[in-house]
Amino acid sequence: MTTSWPLRAVVAAAVFALTACLGGCYHSGLVVLLPEKDGHATAVEVKQGEQTYVLDKPYAATRQWPMGAQAYTSDAKEVEARFGAAMAAQPMRAKSFTLYFLEGQDEFTVESKEIFETVFVEISRYPVPDLVVVGHTDKVGSDPFNDQLALRRAEAVRTALIARGVAPVNIVAVGRGKRDPLVPTADGVAEPRNRRVEIVVR
Amino acid sequence: MQTPNRRSFRVALVALCSALALAAHAADIGQVKVAKGTVTIERGGQSLPAITGARLQSGDVLKTGADGSVGLTMSDNSLLSAGPNSVLSLDRYDFDATTSQGQFDATLQKGSLAVISGRIAKQSPDSMKVRTPSSILGIRGTEFVVSANDD
Chain A
1 MTTSWPLRAV VAAAVFALTA CLGGCYHSGL VVLLPEKDGH ATAVEVKQGE QTYVLDKPYA
61 ATRQWPMGAQ AYTSDAKEVE ARFGAAMAAQ PMRAKSFTLY FLEGQDEFTV ESKEIFETVF
121 VEISRYPVPD LVVVGHTDKV GSDPFNDQLA LRRAEAVRTA LIARGVAPVN IVAVGRGKRD
181 PLVPTADGVA EPRNRRVEIV VR
Chain B
1001 MQTPNRRSFR VALVALCSAL ALAAHAADIG QVKVAKGTVT IERGGQSLPA ITGARLQSGD
1061 VLKTGADGSV GLTMSDNSLL SAGPNSVLSL DRYDFDATTS QGQFDATLQK GSLAVISGRI
1121 AKQSPDSMKV RTPSSILGIR GTEFVVSAND D
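Residue numbers (the working numbering), protein chains in the order written: chain A, 1 to 202; chain B, 1001 to 1151.
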């Protein structure tokens, strides 16, 4: 009976839609990967029960229905409607300034003294600023030597910031040694651009 | 001229202040940078107001009211912000600033959350997890939103 098929299809679609809405006008969770501002690759892996979804495209999303999860593509409008308040409460991103040092010392280069001044302008933009001073070295010398030198440089900058009125409780100094060079080099290479301290304002 | 009494009081005060600063400092994992409406920090059975500038500890639970939202900056530079009617637990947070190694586990029990991951997730992609009652999110980076048990 070929003529009854369209009718049955309509009924089936209606029943499906009704069930989907009864169960599904409510869904218990949503995950959306947002586009990166600088465009580099990112991903979130979502495990729901036995299923795993990898969200690795802008607006790739999953939502959790009572019967299981579903992958789909969200958009800026849905994200704003569902997460507008959460996103509006996002703190300002950390901003980083880099200061350079004379070889083997904890004293700034001349250019870096000027950059140091701009940090204070940035601090005034944050409602409750806290600062991290991160010391780095080049790859000349051992790890323990460079860890100490990096921390000494960071401490010197911390002291300078405190002298200019930043509350000590709001500044942490850390040393990264030679682990995180700005310019990758072989071990033992003297590289002025790696002898630096970052001031992170956040 | 200072009486010995006043001087010993001052010494004690300075000692107390540095002890408090040290204690606060040692356990700090992040800070409340934005707080709107009703927001509380549940810590060790107590409910504290989550004011802007409040320091966070591992194990803290943040709760927002129907008019509330809150924004946190963690010590690894990750940013977490929750919308109204949310419950967010900072279950576990370890971060070594020298090596960048760490572990960050948070749970969104209900509500909405926006995240920009930081140095912990960047150093090792398996080291940051966000859970909801129905899902586990492994964070390779960087920016995403998640909701749970919406009202």
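Any given hint could be a false lead.
[What the hints assert, rightly or not] Below, in silico cross-link-like pairs of lysine-lysine (DSS-like), each with a Cα-Cα straight-line distance of 25 Å or less:
| id | chain 1 | residue 1 | chain 2 | residue 2 |
| --- | --- | --- | --- | --- |
| 1 | A | K95 | B | K1110 |
| 2 | B | K1036 | B | K1122 |
| 3 | A | K139 | B | K1036 |
| 4 | B | K1036 | A | K47 |
| 5 | A | K77 | A | K57 |
| 6 | B | K1129 | B | K1110 |
| 7 | A | K37 | A | K77 |
| 8 | B | K1122 | A | K77 |
| 9 | A | K95 | A | K77 |
| 10 | B | K1129 | A | K139 |
| 11 | A | K95 | A | K37 |
| 12 | A | K57 | B | K1122 |
| 13 | B | K1122 | A | K47 |
| 14 | A | K57 | A | K47 |
| 15 | A | K95 | A | K113 |
| 16 | A | K95 | B | K1036 |
| 17 | A | K47 | B | K1129 |
| 18 | B | K1036 | A | K57 |
| 19 | A | K77 | A | K113 |
| 20 | A | K139 | B | K1122 |
| 21 | B | K1122 | A | K113 |
No lab work stands behind these hints: they were computed from the structure.
Taking the hints in turn, this is what the structure says about them:
A distance of roughly 31 Å separates the Cα atoms of A:K95 and B:K1110; the hinted pair therefore is violated under the 25 Å criterion. Straight-line distance between C-alpha atoms of B:K1036 and B:K1122 comes to about 30 Å, which puts the hinted pair past the 25 Å bound. A threshold of 25 Å between alpha carbons decides the hint, and for A:K139 with B:K1036 the separation of about 47 Å lies outside it, so the pair is violated. Pair hint B:K1036 plus A:K47 does not hold up; C-alpha atoms about 32 Å apart against a cutoff of 25 Å.
Distance check on the hinted pair: A:K77 and A:K57 sit about 17 Å apart at the alpha-carbon level, within 25 Å; holds. Under the criterion of a C-alpha separation no larger than 25 Å, the hint pairing B:K1129 with B:K1110 is consistent with the structure, at around 16 Å. A distance of roughly 17 Å separates the Cα atoms of A:K37 and A:K77; the hinted pair therefore holds under the 25 Å criterion. Pair hint B:K1122 plus A:K77 does not hold up; C-alpha atoms about 29 Å apart against a cutoff of 25 Å.
Only pairs whose Cα atoms come within 25 Å are accepted, and A:K95 paired with A:K77 is rejected, the gap being roughly 29 Å. Of the supplied pair hints, the one linking B:K1129 and A:K139 is violated, its CA atoms being roughly 34 Å apart against a limit of 25 Å. For the given pair, A:K95 sits about 15 Å from A:K37 by alpha-carbon distance, which is consistent with the 25 Å threshold. Using a Cα cut-off of 25 Å, the hinted pair A:K57 and B:K1122 holds, with the two alpha carbons roughly 18 Å apart.
Annotation: proposed proximity of B:K1122 to A:K47 holds, straight-line Cα distance about 20 Å (limit 25 Å). At most 25 Å may separate the alpha-carbon atoms for a hinted pair to count; A:K57 and A:K47 meet this at roughly 17 Å. Taking the CA atoms of A:K95 and A:K113, the gap is near 18 Å; set against the 25 Å cutoff, the hint holds. In summary, the hint linking A:K95 to B:K1036 is supported, as the alpha carbons are separated by about 23 Å, within the 25 Å threshold.
Distance restraint check for A:K47 and B:K1129: the Cα-Cα separation of roughly 11 Å lies within the 25 Å cut-off, and the hinted pair is therefore satisfied. Taken as a hint, the B:K1036 and A:K57 pair is broken in the structure, with Cα atoms around 32 Å apart against an allowance of 25 Å. For the given pair, A:K77 sits about 46 Å from A:K113 by alpha-carbon distance, which is inconsistent with the 25 Å threshold. For the suggested pair A:K139 and B:K1122, the alpha carbons sit about 22 Å apart, so the restraint of at most 25 Å is met.
The hinted pair formed by B:K1122 and A:K113 fails the criterion: a straight-line CA distance of about 31 Å is larger than 25 Å.
Checked against the numbered hints given earlier, this structure breaks hints 1, 2, 3, 4, 8, 9, 10, 18, 19 and 21; the rest are met.
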